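Chemist: Residue strings, one per chain:
There are 2 protein chains.
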Amino acid sequence: MRLTSFTDYSLRTLLFLSAHRDRLVTIQDIADTHAISKNHLMKVVYQLGLSGLIETVRGRNGGLRLAKDPCDINIGTLVRHTESDFFIAECFDSANDHCAITPNCLLKHTLNDAMQAFLAVLDRQTLQDLLPPPPRDSHPVKLRRGAAT
Amino acid sequence: MRLTSFTDYSLRTLLFLSAHRDRLVTIQDIADTHAISKNHLMKVVYQLGLSGLIETVRGRNGGLRLAKDPCDINIGTLVRHTESDFFIAECFDSANDHCAITPNCLLKHTLNDAMQAFLAVLDRQTLQDLLPPPPRDSHPVKLRRGAAT
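Keeping their order, the protein sequence lines are chains A and B.
Mapping the first sequence onto the working numbering, position 134 (from 1) lands on 224, and the numbers just tick up by one.
Mapping the second sequence onto the working numbering, position 133 (from 1) lands on 223, and the numbers just tick up by one.
Quick caveat, the hints were computed from the structure, so don't treat them as lab data.
Remember, it's a predicted structure, so these values are computed and weren't measured experimentally.
Ideal Cβ positions, reconstructed from N, Cα and C, are used throughout, including at glycine.
Take the hints with a grain of salt, since some may be wrong.
Claimed, not checked - A few chain A residues that face chain B, going by a derived Cβ cut-off under 7 Å, partial list only:
no., residue
1, F96
2, D98
3, A204
Said to hold, decoys possible - In silico lysine-lysine, DSS-like type, Cα no more than 27 Å apart, as pairs:
no., chain 1, residue 1, chain 2, residue 2
4, A, K198, B, K128
5, B, K158, B, K198
6, A, K133, B, K133
7, A, K198, A, K158
8, A, K158, B, K198
9, B, K198, A, K133
10, A, K133, A, K158
11, A, K158, B, K158
12, B, K128, B, K158
13, B, K198, A, K128
Working from the sequences, and respecting the hints, build out all of it.
Modeler: Set out below in structure tokens:
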């Protein structure tokens, strides 16, 4: 059971952009870091742009950046957009369903319930929730003795 | 997002056998009904036999039958056996994970939670729960007037 590569790469692109909000990012940056082909990434970036999640700054020093705050990007909503379908079994794809027992079978309902439970977990998360916690300050403030008195 | 064909065909094979418990079933019966290749089904039947869920009766009039009662076949357990893996994204497959942010990324935990929620729904169902309700008796017993008095 797998999500599509398209969803996987979309999530990683957004995570990368979230982690580098201090600068513009190039597709090459993401491709090098994640060992994903630039061709795949261009389709991902194009689609994320259409969805209003990232924006492109043109020009010689241009690049990509998030168009929304990470806490405003819901993971369940994103995955519903990036997955091509949720045909978890043949009976979900009415155009290609050859299963003779579909009309009376309860399997489809059970698999649909399971899928909804999967998505419900993602619906509770935003991109912000997936980011690693900020590193602890490496130079902690030392309190002077008696400072609190 | 999809289950493998192997899981899909395993479920359909078991549903077919459940619906025809009054006789032995051949692979050809299942192949014809579900439009699945016999080659695929032979692998499915072999694996379900190894798992102790179906048994084969040899001989000229032989065939397949369920080796357990449908209410003793849990769907979550079955799907855990028939899915080749649960590598829902690349970071689940440690041998082929090229994602640079895996050590600090929380996406894997969220996807794992979602997968567990998916399987938890299937864990609550047995093969018996997926069978269509028995047809209503087409010749209902007519109570004689005054029979209850």
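Chemist: Each hint should be assessed against the structure and marked as holding or not.
Modeler: Now for the hints, and whether the structure bears them out:
1. F96: Hint violated; F96 (chain A) Cβ to chain B Cβ min 11 Å, cut 7 Å.
2. D98: This hint holds: D98 (chain A) lies near chain B, its Cβ roughly 5 Å from the closest one there, short of 7 Å.
3. A204: holds, 4 Å
4. A:K198 with B:K128: Satisfied, since the Cα-Cα distance of roughly 23 Å is no more than 27 Å.
5. B:K158 with B:K198: violated, 36 Å
6. A:K133 with B:K133: violated, 37 Å
7. A:K198 with A:K158: violated, 36 Å
8. A:K158 with B:K198: Roughly 22 Å between the alpha carbons, so the hint for K158 (chain A) and K198 (chain B) holds.
9. B:K198 with A:K133: Holds: K198 (chain B) and K133 (chain A) sit about 23 Å apart, inside 27 Å.
10. A:K133 with A:K158: Judged against 27 Å, a Cα distance of about 20 Å means the pair holds.
11. A:K158 with B:K158: violated, 54 Å
12. B:K128 with B:K158: holds, 23 Å
13. B:K198 with A:K128: holds, 23 Å
Against the hints set out earlier in the document, violations occur for numbers 1, 5, 6, 7 and 11.
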